[in-house]
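Asker: Starting from the given sequences, assemble the full structure and let the hints guide the process.
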Amino acid sequence: MNIKPLGDRVVIKKLEAEEKTKSGIVLPSQAKEQPQMAEIVAVGPGGVVDGKEIKMEVKVGDKVIFSKYAGTEIKYDGVEYTILRQNDILAIVE
Amino acid sequence: MNIKPLGDRVVIKKLEAEEKTKSGIVLPSQAKEQPQMAEIVAVGPGGVVDGKEIKMEVKVGDKVIFSKYAGTEIKYDGVEYTILRQNDILAIVE
Amino acid sequence: MNIKPLGDRVVIKKLEAEEKTKSGIVLPSQAKEQPQMAEIVAVGPGGVVDGKEIKMEVKVGDKVIFSKYAGTEIKYDGVEYTILRQNDILAIVE
Amino acid sequence: MNIKPLGDRVVIKKLEAEEKTKSGIVLPSQAKEQPQMAEIVAVGPGGVVDGKEIKMEVKVGDKVIFSKYAGTEIKYDGVEYTILRQNDILAIVE
Amino acid sequence: MNIKPLGDRVVIKKLEAEEKTKSGIVLPSQAKEQPQMAEIVAVGPGGVVDGKEIKMEVKVGDKVIFSKYAGTEIKYDGVEYTILRQNDILAIVE
Amino acid sequence: MNIKPLGDRVVIKKLEAEEKTKSGIVLPSQAKEQPQMAEIVAVGPGGVVDGKEIKMEVKVGDKVIFSKYAGTEIKYDGVEYTILRQNDILAIVE
Amino acid sequence: MNIKPLGDRVVIKKLEAEEKTKSGIVLPSQAKEQPQMAEIVAVGPGGVVDGKEIKMEVKVGDKVIFSKYAGTEIKYDGVEYTILRQNDILAIVE
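Protein chains in written order, with my numbering: chain A, 1 to 94; chain B, 1 to 94; chain C, 1 to 94; chain D, 1 to 94; chain E, 1 to 94; chain F, 1 to 94; chain G, 1 to 94.
Hints were generated in silico from the structure; no laboratory data involved. These figures come from a predicted structure and were not determined experimentally. There may be inaccurate statements among the hints.
[To be verified] Just so you have them, the derived chain G footprint on chain E, three or more residues with Cβ under 8 Å:
{"id": "1", "segment": "42–53"}
{"id": "2", "segment": "57–67"}
{"id": "3", "segment": "80–94"}
[To be verified] The calculated DSSO-like cross-link candidates involving lysine-lysine, where the alpha carbons are at most 30 Å apart (straight line), are:
{"id": "4", "chain 1": "E", "residue 1": "52", "chain 2": "D", "residue 2": "4"}
{"id": "5", "chain 1": "B", "residue 1": "4", "chain 2": "B", "residue 2": "52"}
{"id": "6", "chain 1": "B", "residue 1": "52", "chain 2": "B", "residue 2": "14"}
{"id": "7", "chain 1": "B", "residue 1": "14", "chain 2": "A", "residue 2": "52"}
{"id": "8", "chain 1": "A", "residue 1": "55", "chain 2": "F", "residue 2": "59"}
Glycine residues also receive a C-beta, built at the ideal position from the N, C-alpha and C atoms.
Answerer: This is the structure in structure tokens:
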């Protein structure tokens, strides 16, 4: 991918329903913050962001749970991605 | 559990009514912040979160009181969990 | 008590009317912030909370004045307690 | 007085009209923030409050001007006092 | 003057119309923040205020422009003064 | 260009539709934050901005994705530009 | 000019239409933040402002773009000026 997120941002691609089922997580539609599952496709360099040292804890290929309303959606080569800050990622699913 | 929370987040599983009774705590339904009891099932690594050094004070198996409206609910293998920050945990019940 | 508050939190038990009278403080019902008197029953370890070093200045047995709307109420073995941060305690009554 | 304010808090007792007249200050009733005069009756230890080092600049007996809506009112042995932070005191009247 | 402002506060006395004319500044009544001219009559010690080191840059006798809605008005020996923070002073008129 | 942005600001020029198509990114009109693509035409010096050390990570010529509502629009020699902070740039498209 | 701005403030004088045309910048009236052009006529000393070290990056004579709604307008010897913080200046036009 040739999109390089700045600072502590990452680019993620949402997982389809069958992928979620395989990893055993169901995210209920009535959830308060509407979390979703996604795969990390690009990771920013981290470093000093807003005057705070940020170490990137996720890497490309990680499957993660994130808050649905976080970030900015873009479409690239016909695929939808979301650019968001690492802080909006709740957990890695291994 | 294969959910690995990031930063100062933890994964908890709410305790059922009989478990609460056994540990002697009743959380009144008319409480202002509606605290609940839960068991810790996964703990993030802590470290520098939002530029502040966070030391994790809870561990897997701890029974805790937390504010009901904190965090994000997920369902995994048919069980409901909540991902929240350690700061939203009020106390450990020993 | 087997409730161990985290960080800079304390557990308090509100004082009854006769106890307040004995210590000579009357908290007027029309007060703007509705302060109340309570006794400290458990004290968190303090330490670094939200990136700030907090030293606990209250101890179990202290009678304190606190702001009525602060904290979270719980019921334990039939008794009501409040979990709140040390910063919500205004003064110790000696 | 056996009320010991915590952190950077102080306990003050409002001055009566004749006392204000003697010290030569009239606080107009239509003032925007409604300042008032009071005498300091107890002073907290200062130290690190909310992660900031606070040095107490007022002492018991000081006559001060403070913002009327600051702090919490309590009644002790039939006398009304206010507990407020040193930062809500505007000036010392000498 | 026997009013000693605390921290980074100063006491100012508003200038009358003729004084403003002499110094050549007219403050338009329709201005957005309604600045006014005043003379400094007392200066706090500065030092650490809200955890930040503040150096006082104004001195008694300085004529200054300040934002009209800043500070607290008091009346002393029949004269009106305003207590405000140095940060609410925009400029010194020399 | 003779516009020199201050601090951590940059000047950008929005890319036309054909340019976006070439780089393969389509930004959907119904997007929540309405990101857009632009080219960097001037970069501020960075340094200490609002008390935080900011290192500039973009350079003139970079194609970037930014949030549509960020910044201030100006017109220079008949061309529209936007001045915004580096923090409002989400990613570089390479 | 005998107006000496405090801290990180500067005094600016708005440029007339013909001056803007000469420097080639047109600021559209429908712009979101309504930027304007001005010339710097006085510069504060900078230094520690609100606990942050501020280095002044503009000097007397600089032509700058600033946000129209920032600052406080004053009239001096019949001329209108604006006092604003350096942070409200977007760019220098050279």
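Asker: State for each hint whether it applies.
Answerer: Now for the hints, and whether the structure bears them out:
1. A stretch counts as covered by a chain when three or more of its residues have a beta carbon under 8 Å from one of that chain; for the segment 42–53 of chain E and chain G the count is 4, and the coverage holds.
2. Coverage of the segment 57–67 of chain E by chain G holds. Counting CB-CB distances below 8 Å, 4 residues qualify, and the rule asks for three or more.
3. Evaluation of the coverage hint for the segment 80–94 of chain E: fulfilled, as 8 residues show C-beta separations to chain G shorter than 8 Å, against a requirement of three.
4. Proximity of residue 52/E to residue 4/D is assessed by CA-CA distance (about 26 Å); at most 30 Å being required, the pair is judged to hold.
5. With a CA separation close to 20 Å, the supplied pair residue 4/B and residue 52/B stays within the 30 Å bound.
6. Between the alpha carbons of residue 52/B and residue 14/B the distance comes to roughly 28 Å, so the proposed pair stays at or under 30 Å and holds.
7. Our distance criterion of 30 Å between C-alpha atoms is broken by residue 14/B and residue 52/A, whose separation comes to about 34 Å.
8. Our distance criterion of 30 Å between C-alpha atoms is met by residue 55/A and residue 59/F, whose separation comes to about 23 Å.
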